[in-house]
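Participant: The chain contents come next:
Number of protein chains: 2
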Amino acid sequence: MSDSARETGTQLDVKFDDKGLVPAIVQDIASGTILMVGWMNEAALKQTLATKKATFYSRSRNKMWVKGEESGHIQEVVEARVDCDQDVVLLRCKSHGPCCHVGYQSCFYRAVQGDGSAGQLALVEKPVFDPKKVYKK
Amino acid sequence: MSDSARETGTQLDVKFDDKGLVPAIVQDIASGTILMVGWMNEAALKQTLATKKATFYSRSRNKMWVKGEESGHIQEVVEARVDCDQDVVLLRCKSHGPCCHVGYQSCFYRAVQGDGSAGQLALVEKPVFDPKKVYKK
Numbered sequence: 001m002s003d004s005a006r007e008t009g010t011q012l013d014v015k016f017d018d019k020g021l022v023p024a025i026v027q028d029i030a031s032g033t034i035l036m037v038g039w040m041n042e043a044a045l046k047q048t049l050a051t052k053k054a055t056f057y058s059r060s061r062n063k064m065w066v067k068g069e070e071s072g073h074i075q076e077v078v079e080a081r082v083d084c085d086q087d088v089v090l091l092r093c094k095s096h097g098p099c100c101h102v103g104y105q106s107c108f109y110r111a112v113q114g115d116g117s118a119g120q121l122a123l124v125e126k127p128v129f130d131p132k133k134v135y136k137k
Numbered sequence: 001m002s003d004s005a006r007e008t009g010t011q012l013d014v015k016f017d018d019k020g021l022v023p024a025i026v027q028d029i030a031s032g033t034i035l036m037v038g039w040m041n042e043a044a045l046k047q048t049l050a051t052k053k054a055t056f057y058s059r060s061r062n063k064m065w066v067k068g069e070e071s072g073h074i075q076e077v078v079e080a081r082v083d084c085d086q087d088v089v090l091l092r093c094k095s096h097g098p099c100c101h102v103g104y105q106s107c108f109y110r111a112v113q114g115d116g117s118a119g120q121l122a123l124v125e126k127p128v129f130d131p132k133k134v135y136k137k
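If you read the sequences in order, they're chains A and B.
Start counting the first sequence at 1; every next residue gets the next number (the numbering used here).
Start counting the second sequence at 1; every next residue gets the next number (the numbering used here).
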C-alpha cells in the first residue's frame with residue numbers, strides 16, 4: 001500500500017517496524033488519562049481486536065501477554081484507533097483496575113523538573129495499590 | 001542505573017532504543033486528546049525540554065525537526081513525563097493549531113471497525129484545515 005493510501009484511506013494496514021512490532025497506547029476512555037504504552041506484534045493486535053482485552057508482546061520475555069492476566073486489572077478495549085501513517089495504535093479502554101505495575105493508576109506518574117538539565121523527576125501522582133499484594137510471583 | 005531505580009527513583013534516565021530513539025506522545029493538556037506520536041533522540045529531547053517546543057527526530061529524513069516549524073502549529077510543552085521504565089516520553093502540551101499533517105486535529109482520526117477482521121477503518125474525526133494551504137512545499 002502506498003504511504004498516501006495508508007494515510008488517508010479506510011483500509012487497516014498497520015506498519016510494523018523491522019522487529020515486527022508497533023507501539024500501542026492505552027488511554028482511559030472516561031478520563032482521557034494515558035495509562036501505558038506497550039508493544040504489539042501482529043498476533044497481539046489481532047488478539048486484542050478479537051477479545052477486546054489489551055494484549056501485548058513482551059520484548060524482554062519474547063512472548064505475548066494479556067494486560068491484567070495476573071493482577072486482574074485488564075484494559076477492556078472500547079475503541080482502537082491508528083495514527084495517520086498507521087505505525088502507532090491507540091486503545092481507548094475501560095480500565096478494570098490501575099495500570100502500572102509499580103502501584104500507580106498510570107505509568108506516567110513522574111514529570112521532568114524545569115528544563116531537564118538537572119535530570120530530576122517529581123512524583124505527580126499518588127500510588128493507588130501495593131504491588132507486593134497484587135503480584136504474588 | 002538498575003531497572004528498579006529507573007522505575008521508582010526521581011532521576012531522569014531515559015532508555016533510548018538500539019537506534020538511540022524513544023517514542024514521545026503529544027497530548028493536548030486541556031482536552032486530554034492524544035494528538036500524535038513522534039520519535040526523539042537525546043538531542044531532540046534536550047531541545048524539547050529547553051525550548052518547550054515539541055521537537056522530534058525524523059527517521060525518514062534523518063534529522064531533527066520542530067513540530068510546527070512550517071505550519072506554525074507548534075506544540076508548547078507544559079509538562080513532560082516519563083513512564084515507569086523510562087522508555088516512553090509524554091508531552092502534555094498547549095496546542096497552537098491542529099496537529100496532523102493530513103488536516104485533522106489529531107493523527108488518530110480513524111478507528112478500527114468491529115473485530116478488525118474485515119480490515120476496515122472508519123473516520124471518527126472531521127478535518128479542520130486544508131493541508132495544501134498550510135504546507136506550501
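One thing to keep in mind: the hints can contain errors.
Which copy is meant is left open, because identical chains are indistinguishable; a pair holds if it fits in one copy or across any two.
As a list, the in silico DSS-like pairs of lysine-lysine whose alpha-carbon atoms are at most 30 angstroms apart [stated by the list, open to error]: (1) Lys53 <-> Lys126; (2) Lys126 <-> Lys52; (3) Lys136 <-> Lys15; (4) Lys19 <-> Lys126; (5) Lys132 <-> Lys19; (6) Lys133 <-> Lys19.
These are calculated hints, taken from the structure and not from any lab test.
These figures come from a predicted structure and were not determined experimentally.
Participant: Output the numbers, in ascending order, of every earlier hint that fails for this structure.
Facilitator: 4, 5 and 6
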